[in-house]
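Asks: With the hints as extra help, turn the sequences into a complete structure.
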Amino acid sequence: MDVASFLQQCGIGITSGVFLGLMAVGYTLVYGTVGLIHFAHGDVVMLGGCLALAILSFLVPLPVAPVTGCLAVILAALCSGLFCGCLNVCIDRFVYRPLRDAPPLSPLVSAIGVSFVLMNVGLVWIGPTDRAFPEIFLASTRSVGGISFLMADLLVLAISVPPLLCLYILLRQTRFGRSLRSIAAITRATARSGEAGKLIGTTFFISGFLGGVASVAAGIHATTINYQMGHQMGLYALTAAVLGGIGSVPGAIVGGLVVGLLRAISVAVLGPRWAMASVFLVLIVFLAFRPQGIYGKSKTRAGQR
Amino acid sequence: MRNNWFCLQKRSSSRLRWFVVACIALGLNCFGCQETNSNRICLVSSLPRTGVSRQVSDEVVRGIRLAIEEVRARVGRFTLEYRDLDNSASVSGQWTSEGEAANARLAVQDPDVMAYIGTLNSGAARVSMPILNYADLLMVSPANTAVGLTKPGLGIPGEPDVYQPSGRLNYMRVVPADDLQGPLAADWAFGRGVRRVFVIDDAGIYGQGVASLFADRCREKGMEVLAHVSIDPQAAEFKSFVGSVMSADPDLVYFGGSARTKGGQLARDLVSAESEAILLVSDGCRTKAFLDAAGATSLEGRCFATSAGLSPQQSDCSEIMFLKRYQQKYGTCPSNAAIHGYEAARLAIRAIADVGRKDRRAIVESAFASRVDDGVLGAWSIDENGDTTLQEVSVSVVRNGTFEHEEVVPAAGIGKKNVSR
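In the order they appear, the protein sequences are chains A and B. Taking numbering that gives the first Met the number 0, I'd label the letters of the first sequence as residues 0 to 304. Taking numbering that gives the first Met the number 0, I'd label the letters of the second sequence as residues 0 to 420.
Rather than coming from a laboratory, the hints here were simulated on the basis of the structure.
Covered, in the sense of this in silico footprint (three residues per stretch, anywhere, with C-beta under 8 Å from a C-beta of chain A), are these stretches of chain B:
no., region
1, 42 to 51
2, 224 to 234
3, 237 to 247
4, 259 to 268
5, 279 to 292
Since the model is a prediction, treat every value here as computed from it, not as a measurement. Don't be surprised by glycine CBs; every beta carbon is placed ideally from N, CA and C.
Replies: Put into structure tokens, the structure is as follows:
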């Protein structure tokens with residue numbers, strides 16, 4: 000692979016890595032707060048994609064002017080984010096909250112159940128086939144230094160980065176962020192208190208909102224969505240969250256970028272059939288040497304504190 | 000006292016258990032096809048009724064229903080019933096081994112079932128063929144194209160004998176196998192002046208088989224096969240991979256697979272990367288689902304699809320009775336899938352009518368001996384392996400948002416591929 004091809008693949012990897020990072024932050028926020036792997040997150044994102052598709056199909060009759068298209072995408076991302084946020088809050092309220100005192104496997108199994116239910120909702124909503132996203136900027140390519148990239152990929156970055164910056168400010172500058180960072184996980188004893196309930200609800204909302212934005216970015220990047228997209232995206236995003244150190248927001252973003260890059264480069268070098276296997280092979284080897292992930296704290300260090 | 004109470008409990012729980020068993024048995028009898036009826040013959044089909052393949056299955060089922068309506072649901076003294084069985088799971092969106100095996104067992108256990116129409120996918124046929132073979136139940140596929148299902152020496156070692164544990168044949172198909180489609184696609188490409196090809200498959204039995212045969216024939220013809228790569232059919236997109244395709248600079252990109260295995264997404268990514276190469280896809284992609292996913296407008300005039308057999312678009316819809324009735328009923332000309340479903344059902348119905356009794360073995364033998372002179376796509380019969388004698392492949396091109404018939408490629412020069420047992 001020559002340098003230009005390598006850089007080209009890096010560009011594709013970063014684009015997909017950014018929205019995987021957005022999803023991974025969702026996993027990591029929920030895990031950091033209630034200690035639960037929210038397995039249905041991928042399918043919440045898929046439903047966000049369905050809503051975005053409906054909005055964009057309504058707002059963007061082809062051919063579309065770039066400015067109109069961008070505004071429609073931003074509106075779709077906001078709506079999809081709000082929808083996924085609310086859906087996540089409902090899932091927490093009606094599925095996870097009654098199981099706060101249950102053995103750890105009960106919420107896990109419920110999460111998997113919710114995932115299948117949502118997948119079937121997606122099947123009914125958009126049907127069994129791949130559905131094409133409106134082709135905003137699809138034909139527009141730009142070339143810089145021999146590396147060509149699609150304008151649509153810039154749009155993916157443009158809608159994915161601002162929510163991450165907002166999250167950074169939220170976590171660093173607000174009382175909510177400070178209280179979220181001050182606890183590694185809400186204990187069972189405090190989970191039912193009003194304060195903790197609000198914190199958990201808000202966390203689920205933010206997680207869903209980021210997932211909703213990620214769904215629009217993924218739809219623009221892949222140009223199609225389908226009712227099974229949540230499964231594989233969720234798997235990659237969960238991998239990113241674990242690789243970055245589950246519970247760590249910067250770790251999730253870095254993990255997303257690493258997974259995106261690894262996937263793009265392994266597709267180009269080994270072929271698309273081996274991409275997933277190679278990503279997981281790297282994860283296995285990495286975790287063997289650093290089980291806590293890139294930014295995670297080891298148990299001994301955490302215990303000393 | 001305690002002992003009495005215990006005995007009572009034990010007796011009532013035993014009664015309850017027997018009651019449940021009786022209810023289940025009754026339920027099975029009521030809802031299944033288990034009850035023997037001397038005047039009833041059951042025809043079943045096993046197709047994926049959810050997921051991407053559903054559109055194709057719907058068309059096959061329409062064809063089957065029209066064939067049954069044509070004989071007014073009667074064969075001699077028997078009333079003909081049809082059961083449309085589903086071999087897929089909505090979560091996976093495709094056929095499952097469990098679903099296919101369950102359908103085959105259901106058909107075998109029902110003494111009124113005399114023919115099994117299916118499967119759509121060659122992989123599914125591999126599951127049900129041995130089960131149906133033990134019961135000598137006629138199995139007619141409207142869509143399987145994997146060579147190993149019928150042709151000795153062309154599939155994986157042991158095929159097709161592993162699917163015939165009884166040593167007798169019961170399986171046949173009304174579509175030509177991939178040993179025709181893959182090589183004829185290569186012949187067509189060569190005829191268009193293509194010299195550099197990039198071959199891609201979906202890593203499945205069907206896709207890999209047809210793509211390998213295409214690549215082999217390309218080499219025979221002196222074309223350069225730049226690469227033969229399998230994709231991950233679960234991947235969301237192929238942007239990174241398309242970069243490798245573009246850097247190889249092929250004249251033609253061939254995809255062996257279906258819309259279900261991301262053929263549409265691959266085509267879309269190739270177009271968005273501004274590839275100048277012609278795209279040629281196998282018959283699994285010759286569907287609306289493929290065009291919806293790929294975006295028909297972007298493929299206009301540059302995406303071609305092969306399909307086994309003659310194209311229905313060669314005939315005027317108003318001329319042939321079946322085509323006319325199909326158009327009247329559904330408002331559109333039938334696709335190849337509908338025609339093959341119709342032909343499969345008609346073959347089974349004729350075999351049952353010829354035998355005139357519920358004798359599964361005799362029905363299979365009658366189907367093998369049938370000769371269809373008034374077939375929708377011409378005259379054909381079943382050879383000694385269970386393959387159709389139709390030996391043409393049609394090529395279609397995307398035009399006006401749909402696949403339109405382009406030309407017929409005859410089988411001249413590749414007859415040696417048809418190995419007899």
